[in-house]
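Q: So the chains spell out like this:
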Amino acid sequence: DQQVKQNSPSLSVQEGRISILNCDYTNSMFDYFLWYKKYPAEGPTFLISISSIKDKNEDGRFTVFLNKSAKHLSLHIVPSQPGDSAVYFCAARRDRDDKIIFGKGTRLHILP
Amino acid sequence: DAGVIQSPRHEVTEMGQEVTLRCKPISGHNSLFWYRQTMMRGLELLIYFNNNVPIDDSGMPEDRFSAKMPNASFSTLKIQPSEPRDSAVYFCASSSRSGYNQPQHFGDGTRLSIL
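Protein chains in written order, with the working numbering: chain A, 1000 to 1111; chain B, 3 to 117.
Just so you know, the hints here were simulated from the structure itself, not pulled from any lab data.
Check before you lean on any hint, since a few could be wrong.
Chain A regions said to be covered by chain B (calculated; three or more residues, Cβ under 8 Å) [claimed, not checked]:
1) 1006-1012
2) 1064-1073
Derived BS3-like pairs (lysine-lysine); straight-line CA-CA distance at most 25 Å [said to hold, decoys possible]:
3) Lys1053/A x Lys1070/A
4) Lys1098/A x Lys1004/A
5) Lys1004/A x Lys1055/A
6) Lys80/B x Lys1098/A
7) Lys26/B x Lys1098/A
8) Lys1098/A x Lys70/B
9) Lys80/B x Lys26/B
10) Lys1067/A x Lys1004/A
11) Lys1067/A x Lys1098/A
Quick list of simulated restraints, FRET-style, between CB atoms [said to hold, decoys possible]:
12) Gly1082/A x Ser29/B: 43 to 53 Å
13) Ser75/B x Leu1010/A: 32 to 42 Å
14) Val14/B x Ser1027/A: 24 to 34 Å
Since the model is a prediction, treat every value here as computed from it, not as a measurement.
The beta carbon of each residue, even a glycine, is placed where N, CA and C say it ideally should be.
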């Protein structure tokens, strides 16, 4: 039973355009959400997070939106750059829980 | 500032052999996590420790897998005997519990191939 779902295994976006990566979750007890970025042969690196008390968090070119009623979050990258080509993992945790549950990832290709 | 260090980076061995993966967490971090990444299951948590004590090992697939954390700066994940289906990338991550919602920091993983 997958609690965090990333339904798009891959996504291709033109350089300079907006990349939108989507994530759905099923557990209403999740209250903190994270996005990680992973390059080949490296470990995932933390990118941005959002608490359930917010609906938006922005950090430079990266913005995460949370829609609690729909149990949906998205990561927007504007403008997309070649170095953004990577696998992006959505993750979620419950309040005060050390464990985080990862989605299976979306591979983003930025096209020149 | 050193990150999480895992060794070896690659391991190729024959089925039935014992495999030991090693992890050095970031100094000062008191939570340590072992993950396995496969195409089919994605990134799944195997076990995690707080202050060197195993808290949740419900993700360990079977008794052939064991993990230890003898001190705050070292952990091992052991597979004995190994099987071809154990082939995967194994990640170690650490985090601090000193603040709320501290992110986990990952090592670069060990790519394990069991022949």
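Q: Compare the structure with the hints numbered earlier in the document and write down the numbers of the violated ones, lowest to highest.
A: 1, 2, 12, 14
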